[in-house]
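Q: Turn these sequences into a full structure, and let the hints steer you where they fit.
Protein chains: 2
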Amino acid sequence: MSAGLRERKKAETRRALSSAAVRLARELGPDGVTVEDIADAAGVSPRTFFNYFSTKDDAILGISPSDPPDMLNDLLDRPPDESPLDALRGMALAAASRLESTADEQIARYELTQQHPALAIRRAARFSEVERQLAEEIARRTGLDVDRDPFPTLVVAAAIAALRIAVGMWNETGRATPISTVIGDNFDQLATGFDVGSARSAVPS
Amino acid sequence: MSAGLRERKKAETRRALSSAAVRLARELGPDGVTVEDIADAAGVSPRTFFNYFSTKDDAILGISPSDPPDMLNDLLDRPPDESPLDALRGMALAAASRLESTADEQIARYELTQQHPALAIRRAARFSEVERQLAEEIARRTGLDVDRDPFPTLVVAAAIAALRIAVGMWNETGRATPISTVIGDNFDQLATGFDVGSARSAVPS
DNA sequence: ACGCAAAGTTGCACTCGCTGCATCTTTGAG
DNA sequence: CTCAAAGATGCAGCGAGTGCAACTTTGCGT
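So the sequence lines, in the order shown, correspond to chains U and F. So the first sequence is residues 21 to 225, counted in the working numbering. So the second sequence is residues 21 to 225, counted in the working numbering.
For the record, the hints were derived by calculation from the structure and aren't laboratory data. Owing to the predicted nature of the structure, the values given are computational and were not obtained by experimental measurement. Please note that the accuracy of each hint is not assured.
The list treats identical chains as interchangeable, and a pair is accepted whether it falls inside one copy or across any two copies.
Straight-line Cα separation of at most 20 Å, SDA-like style, residue types lysine to any residue; simulated pairs [as the list claims (entries may be wrong)]:
1. 30 - 143
2. 76 - 145
3. 76 - 47
4. 30 - 47
5. 76 - 139
A: Set out below in C-alpha cells:
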C-alpha cells in the first residue's frame, strides 16, 4: 500500500497546520496570530504543533524540518555531462514549473513574505541552506574544491538569484508571462556575462 | 566639541554590550548565554540591553538598528559613468579593505557565524536588506525599472555573492592572500560569464 | 480477534526573549 | 542653580519554544 493510516494522518495534520497558519497570518498578520490559535484551528494541542514545525514562521512558510529539498533532487536529475550553468538552468526550470502549478497557497505565502520582512528573512535563510548543498554537488561534478575554488559557490549563488528574481517578477506582474521566459533571460545573462552593454531591458523601446 | 559626554557614554555602552556578547557567545555558545548575562557583564540592566540592540543575535553580530549601511555609501561614491559591474566591483573592494583592517572581533564573529547557523541566517538577512537598496541604486543609474527588469537585482545579487564568497575564502584560508585578489577573480568571472569552459580553478594544475 | 511495542499526542512546568509603561536618575543648556 | 529632555531601570506580562512524563492510537505478529 502507498501509505499507512499513520502516515496519511500525519501528512493531513501537517497540511492542516500549515494552511491554518497561512490563513490566520493573512487575516491577522504573522504577529497577530499565536501558535495556540493555529493549533486550535487545526484541531491539535499547542504542544503537538512543535512536533510538526519548529517555529511559527516555518509553519506559515510550509517549511517542514527534515524534508528533502526538491531543488537538490532536480539538480541530481540533470545529465552529468551538462555544463554547471545548464544543469542549474534545468533545475531552476523544474523548480519553477512545480511552483507554477501549486497555486493559491503559494501566492498567499509570497504576499506575506513581501509584507513581513521577518518571513522573507526566514525564507532567505532557507535558500542559503540549499545553496550550500547545491554548491557541493557542482563541486563534485566539476572536480573543484568547494573550499578553495570560488566557482561552484559563485555559480550556484548566481543561479539561485536568477530563479528567485524570476519568481519575484512573475508574482509582481500578476503571473501573466510564464516564469520560464524570465528564467531563460536571466540565465542567458549569466552565461554571457555582465560586461559593458549587456544590460538589456525587458521592455524594448 | 566632537561629542558630548552623553554620546560618548552611549557609544561606550554599546561597545561594551557588543563585545561582552561576542566574548560570552564564544565561551558558552550563543544559546548558552542569556541577555541577562550580557547586560551584567556590561554593567547595565537587562532592560537597558534592549535600548541598544533589538535582539541578542544583533548584539553578537554588532548590528545596531539605524546605522547606515556602509556598502551603499561605497556604491554612491563610484563615478556615475562606470558600468554597473565595475561600480559594484569598486564597492566590493572598498568594503573588503574596511573589513580587512578591523581585526580580532570581526574574526571572532566570522567563526561564530560558521559554527552557529542561526547567526549566519541573521547575517544573510542583513545582506539581503542591503541588496534591495543597492539594486535600486543600480536601477537608477541604468534607467531600468527595478520591478520590471531583472538586470539590476540580478547583477547586485551576483556581486554580493562574489564579495561574500571572497570574504569566506579569505577567512577559510587563514587570511593569507588579500581579499582583493579573489574579489578580482570573481568579478572577472561575472563579467565574462559562466559559459562552458569558463570554470577556472584557483589551484592551477 | 488480541495483545503488545512503537509512534504519536498531550499537559505541565519551566526558561527566556522581548515589550510597554511608569518612575527615577543623569546630562547639559540657559 | 534650575529645569527640561534623554536615558536607565524595575516591573509586570505575553508568547515562543523545550524536556519530561503520562496517556492514546496504530499496526504488526500471533
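Q: The structure should be examined with respect to each hint, and the outcome stated for every one.
A: How the hints compare with the structure:
1. 30 - 143: Neither way: residue 30 and residue 143 sit 24 Å apart in one copy and 34 Å across, limit 20 Å.
2. 76 - 145: both (15 Å within a copy, 18 Å between copies)
3. 76 - 47: within (15 Å within a copy, 30 Å between copies)
4. 30 - 47: Neither way: residue 30 and residue 47 sit 26 Å apart in one copy and 40 Å across, limit 20 Å.
5. 76 - 139: both (10 Å within a copy, 19 Å between copies)
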